[in-house]
Structures are given as C-alpha cells and as structure tokens.
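Trainee: Residue numbers (my numbering), protein chains in the order written: chain Y, 1 to 191; chain H, 1001 to 1419; chain W, 2001 to 2311.
Think of the hints as simulated: they come from the structure by calculation, not from any bench. Bear in mind the structure is a predicted one, so any value in this text is a computation, not a measurement.
In silico DSSO-like links for lysine-lysine, alpha-carbon gap of 30 Å or less:
id: 1; chain 1: Y; residue 1: K55; chain 2: W; residue 2: K2159
id: 2; chain 1: H; residue 1: K1053; chain 2: H; residue 2: K1032
id: 3; chain 1: H; residue 1: K1388; chain 2: H; residue 2: K1268
id: 4; chain 1: W; residue 1: K2245; chain 2: Y; residue 2: K163
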Amino acid sequence: MITLGIKDQHTFLDEVNKRSGCNILECYQCGKCSGTCPVSMYMDITPRQVMQFVKLGMKDEVLVANSSWFCLTCAACSGRCPRQIDIPRVMETIRHIAIEENISSKSKKVKDIRKFHDIFLDMVRRYGRGYELRLMAEFNIRTRNYFKDMFLAPSALGKGKIKLLPARMKTAKAIKRMFDMAKKLEEQPKQ
Amino acid sequence: MARVGVFVCFCGANIADFVDVNEVVEETKKIKDVKFAINYKYMCSDPGQGLIKQAIIENKLTSVVVAACSPRMHEKTFRRAISEAGLNPFLLEIANIREHSSWVHQKDKKSATAKSCDLVRMAVAKSIANEQLHEISVPVTKRALVIGGGIAGIQAALDIADAHIPVVLVEKSPSIGGRMAQLDETFPTLDCSQCILTPRMVDVATHPYIELIPYSEVVGLDGYVGNYKVQIKKKASYVNFSSCTGCGACSQKCPVKVPNEFNLGHDKRKAIYSPFPQAVPNKPVIDAEHCLMLTKGKCGICKKTCEKGSIDYDMKDEIIEREVGAVVVATGYELYDASPYEEYGVGRFKDVISSLEFERMVSASGPTGGTPIRPSDGEIPKNVVFIKCVGSRDEAKGIEYCLKNMLHVHCKARHAATS
Amino acid sequence: MKKLTYFPGCSAHGTSEEFDHTLKLVMKSLEVELDEIPDWNCCGATSAHVMTENLALALPLRNLVLAETLHNDTMGIACASCYARHKVTKYELDKDPVLAKKINTTIDDGTYHGSVEVKSMLQFVYEDIGIEKIKSLVKKPLTGLKVACYYGCLLTRPKAITQFDSPEYPMSMDRIMEALGATAVPFDFKTECCGASFSISSSDVVLSLSGKILEYAKASGADMIVVACPLCQSNLDMRQPGVEKLFHVKLNLPVMYFTQLLALAFGHDQKDLMLGKHIVPVEKALAKIGKEPEKKEEIKSKKTVESEEAK
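For reference, chain Y alone in the conformation it holds in the complex (with noise of 0.2 Å):
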C-alpha cells in the first residue's frame, strides 16, 4: 500500500532534484542500477526503488531507509543508467536532508557508520590527517565493539601499516578554521 504525501510531493522531488543536479523524473524505472549495486542486497530500499520514492514524495520513507547510507559510491549504477541519472549524487543529497534535518534510521549498522564518519572527520579536524589507530580505537569504544580487529592490531602495528603516533601538520590551525569556516557555509540557507 502506498500513500502519497500529496501535499510533500513535489516540493521534496524538486528539493532533490535541485540539489543533486539530475531530473528524476526522467527514471522509467529499467531497475538497472539496483541489479549493478554490489550492495543493494543489504539496502532496505533499492537505488530502483529510492527514485519511486522520491518521484512519490516519500520524504518520510527515503530518509529512514539505510539505502543511502548504504551507498559505496562506486559509480558502477550511474554508469549504466540509460537515462544518465547521477544516482551517487541522489544519495548524498538524501543524506545531506536526512543530516540537516535529524531524521535518519534507527538500525545499529547505520548509527555505526555515522559514528564511524563522525569520528574520522574529528581526526581530520584535530590533526588535518588521518589517525587510524586512534578513529578504530574510538570506533569500537563508542560503538561498545571493544575487541574488534583486535586480532589484526599486534600484525598490523609490527608491520608498521598502522602507526602508534599520529602524522602531524604544521598548519594544523588552518584546518580547524576550515572545519569552522565551512560550517557557517552549511548554515548559510540553501540556495
């Protein structure tokens, strides 16, 4: 059964559309994205599937699904797509409205993975470069996995693939006030 949020309808699909750059309107829905997705089987919703949706203006339904947190980003959907929809580019716009406006899904797996970018980008923000060993330690405190990959940690550190120390900037202040600058451009309304 499918209701239409009659009244969200075509402000969400322009607000996508805008966004995202492409036009879903022109889908007809050939399901070829949804058959290339290497990861479509663990998605709630299907690429296929999130662009009815939006089309519908299911607001609610595509921001609460996993689908594009899901996303890999791969490319491998838009390359085929016949009617030359950017369908990565679809799903980071859904995040970015499901971001702006708190609604996501409830699922551990999503909550690990927002945890896990949230972490990496403080990482980038204190150091302005990657610290593995510190973003997989926080990950498995926060998301209470304590002796995840602990079996890879005694290989990986010997082998020096993983550092103890992190790599340092010397401008390490200019990236902070990257992180801060770009900020007030989010808040900014959309145009």
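Starting from the known structure of chain Y, fit chains H and W onto it as the hints suggest.
Mentor: Below, chains H and W alone, put in the same frame as chain Y:
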C-alpha cells in the same frame, strides 16, 4: 472584402445534443467578416448542400466554413458543392465540432459550445487567408522504383506490379530476401521464415511487370514528383547471368574462404558465391576484394570449371538509367553495434551474441544446422539468457527511441531455444 | 627530468607505506621528480563527502591551491580515494566559479585558479610515461607470473570525470603488467567495489565484496592480485584471513601494488619492496617468476564465498 458563409450542422443528435448549435450560429454572426450563418440538420445531405450553394450565390460569398464532422468524412463533398456554385473548391474550411468537440466533451455542453465557437472562429480566419488553388494534371511516368529487395521491398514490388504498373526493383546484395531470409521463424505465427519468403522471391523473379536488378545500387536520382530519372550502378559480378545456369560448380572448386556475412561470420563462404541456397537470382557473384584472380592475377579455377563459359574477369561496373514516377525506399536496417555495452562483455566473450546470430544458429539452414551452440567451445548451452533493449531507449550509449519489437524477438527466441 | 606535483595522502606513511616507497623508486627510474605539496592536508576521504557538502570540497581545494604554488602542470595522486576527491572537487569548481569562490573563503592559503591537472599515478604512468618507455627499462622480466589486475571503482569511474580508460573493463594496468613480462589474466571483477571505507564501520560488507573479488581472481588463474589503491589493498590483503575464516575457503592470494612490481622488474631487489608489510605473504607467488608454467591447479574446495553466504 471578405464575405464568409458559415454552415453549422446538427449532425442529427450527434452534435446538437452536446453543442448548442443555435448559440454557435448567433456567436458566429458577430464575427466581422461573416455575412451569412445558418444551421441545418444534415449539411451533407442533398438539401443541405443545396442550402450552401444557394447561399453562396445569393450572398456573393467569398469563402465557406462548414462546422460539422471530421474533414475526412465530407471535405470532398463540400468542395465539390461549392465549386458547383462557382467558388474555388479550396476556399472551404471545415471546423470539426463533432470529433473535436461534441464527441469528447459530452458532459459539459457549455464548454463544448464555447469550444465549437472557437473552432469556427479559427476556421473563418483561415478561410479568409486561403488562396485559390487550381488542380493541374501532371503526367506521371507509370513505373515505380523500389529500393531494397527485402520483404518490404518484395511485397511493395508485388503489390504495385499486380496493379499492372511496371516496377524496377534494385537490391545491393547478390540476392533478394534481406533480413527475413536470415530469420528462423516469424512472429507470431512461428512460420518457417524462408518457407514463406522464397515463394514471393520467385514471384518477383518471374513477374512480367517486375524488372529485378540485383547486386546494384542507386547512385543518382533527379527530377520531380511523378517524373524521376534514376541512375543505377550495376556492380560487376564477373559472371554472365544470361548464360550461367546456377549449377554451383565454380563455388565448389574455389580455394578462397572468407567469413560468411549471411551467417554473421560464424562460417565461411567462397570468393565466388551465392549468399544462400534459395537465392534469387540463383547466380553467383565474385567478391572482388578476395578473389585471387582479381587481386593478384592468380588461380582462375572457376573459369576453367564453368562449362558455360560464364566467368568474365574483365566485367566492369555499369551505370544504367530508368525513368520512374514513384520511389519506394525499403532499405531495411543495420544491426546496432553493441560494443559500448562493456557490461555485457560484447566482443570480449564469444558466447555473447546478437539475436540475429542466434536466429542463424537455430535456423536449419544455418552454420550449426539448427542447434544452438556456444561459439567458444562448440558445446550445447545449458542456460540461455536473453538481454533486451540493448542500445534502445538509451541516450547514454545508444539511441533514444524504442524499437517496439523486443517482445516479438524475445518470445520467438525463447520458443526456438526451448524447442 | 619531468616534474610531477605529488600528493601522498594519509595512508602513505602508514597503511600503504610500501606503495609510497616503491612509487618513489619507480619515479626515479622513470626520471620523474616528485614535488611533494608542502604541508598538505587529508582530502576528507569518504567521510567528508558523505556527511558534508562544503567541507568535502574545501579539504581538497586547499591541496589544489597549494599545488598551484609549485607551478607544475600536473598533480599525481597515489591513493584512488584521494584522487577521486581531488578530481571531483576540481570538476565541480571548474564548472561553477561562483561555488569555487564560496569554498575558497574557507581557506587563506591562496586563490584557486584550476591550473593544475589531477591524475592518478596509474594514469600518469600509463599516459605520460607510456608502455614503450616502461618496456625499455625492464631488467628482470616477470615472466611466469600470472596477475589479476584489480582497479577498484574510483580510478576509472565516473567516466565523465576521470576520462581515463574504461569504466567497465579497463586495460591500462593489464598492459603495464604485460610490458613487464607478466601475464595479466582476464578478470571480470576488476572494477567491482571492494567495500571501500566500510572496512571499519561495516566489515561484513567488505568481507563479502572483497571475498568475491578474491575468489574470482583465484578462479581466473591468478597467482596474485595487483592494485593501485591503498584501501583496496588493505581490504583484499588485511581482511583476507577474515574472508577465509567466515566463508571456509582457502585463498592464499597475495595483493601487491603495481609500483612494487614495476620496481622489481626495473631491477630492484625484493628486499627493497617492503614485502614484510603484507599480511598474506607474497614470496611464494614471486618465486614463480622465471619458472616454467605449472600444470593448472584443481581448485579442490567446492565451497565458495557465494555458496557460504547463501547459507
């Protein structure tokens, strides 16, 4: 000074029940150039037509609008009527207030009436702008040119020729038959394609009104409607068709083997060849690009073998001219090159083939005798996948339109594969 | 001496040190001087563009602006993910100068002009150096070694942006390997995504996707997989024991960087290639170089990643 007459038809109840024909007349009278407006039950009837003729004479009308049914019904009728009243027949306009108004707006008489008034107003304006036209007679050469000897060209040629109009049928391959000769079965009847095609091919060859010019191409056309001059290049076949009996001995002896285009490269043919056994005409031609004699001056076996002495290595291309009055273009289609579809492994995997190759394979006269066989290892496939819409409806890598024949091809192929 | 602006990326000193190290050896042989960007920052990788719009462009922008100060016409990037981020940023900002100006306000290292071209190291080696030059430098041909070239998803896609090789079945790395004397086996999973950054946050996805790639490579007859991306290398190598354990398969398929093989073929010793960094040992596969081809090994186990996953 325009003086337009408007005649609104009730069409019995067809129009009148859904359009207020009185109001249409009243509104029409308000138009500046309309000098006469009337409605009548059946405008196409004799009295109806009489009404129009009388009005033209009495009111010195300069153009006429009939608001009635589709011009496909009675435009001719009314043109004849007004010309009988002395008005040029092309000064008539039809406002279709039946199909375009009463038939499609049956629930809203008010709007239907308003729309009908608009349609009449538009027709009035056009009728004023119309120029007098005079039909002229132009002699038409009573001969048709059909370009392309596939089934479309063959059928067109037969239809025209059966009407006793001479036809010149030009085909660029050595034989007529085209794509249909390559198919295994037809859709939806699942007839054996060559079985229903070849009788027609023979009809073409023996028809007294058809001049079949095979192995030729149209290289020039000029003239005007009904009077064309066409130049046709007869490619050198190096075989004298009038003496050749089609015995095939030359092909048997020829030492050169070339990929066979008819079977899309899945087997070989000789340099002197006839494309398929039921070819019409059943005379071989020499492929000048691969013949040893024509390229290197060696061999000559076919000439030695031919008992009728039909081989002539000195033959040249010949340009001939024909006068025709009409041209039918039936040049068929090319197979789409699917190599942009790398995701299907086209070109990379030998076992990814086109539907036409598949047709040749399941055809009893094909390279595998009717059994689908994997080109890579010669084994009979356990699974066959049919991929549709390759190249169609795809602006990115192909053409944007739909070919509208996918279902046919697929159903037929599935049937062939499973049987 | 050609000069190439170089962006090493965060993994160059850690997870993919061997890539960075052998790249430098190879560039020396190719007479290319690497000009490292001063005080470069992390490109933001996947996390920046997944979570943000403007920051995702700002991070690479800073590096592009710094690159312009070196006055070389091209910037080469080793890591495929960093390459993708810089390339996409350049594409977006070149297309939309208003956007470029807006993002430029987040940094005060300079103004963006778009004067530096961005290429992946694979692209640079294939296009700017070329097969003939590579062939001429081969001292120890890698004959007898069968490799499956794995490109991953970012080096050739999306086609409109990378404009390099085929998005479905690229052959540049294969041709480089053939030039070195190795045999590049036909390999249909060469651009299937390995699971990328889900390595930490969703490891099961990586195990499944990378598992299929490894399996297919093995079934294609490869002795090893050759890559051009640190994340791909990490997923296929470091996660290989995990794949073997979860799907009850035996793989033993080492994963090497194309620069390591280039360095080897150019005459460098095995001990210069940092082979100790690999989780799955590479020595056995390298021992095949210069030997007669063995009889084709029967893959005894019927269990596959797909069949185990289906259970």
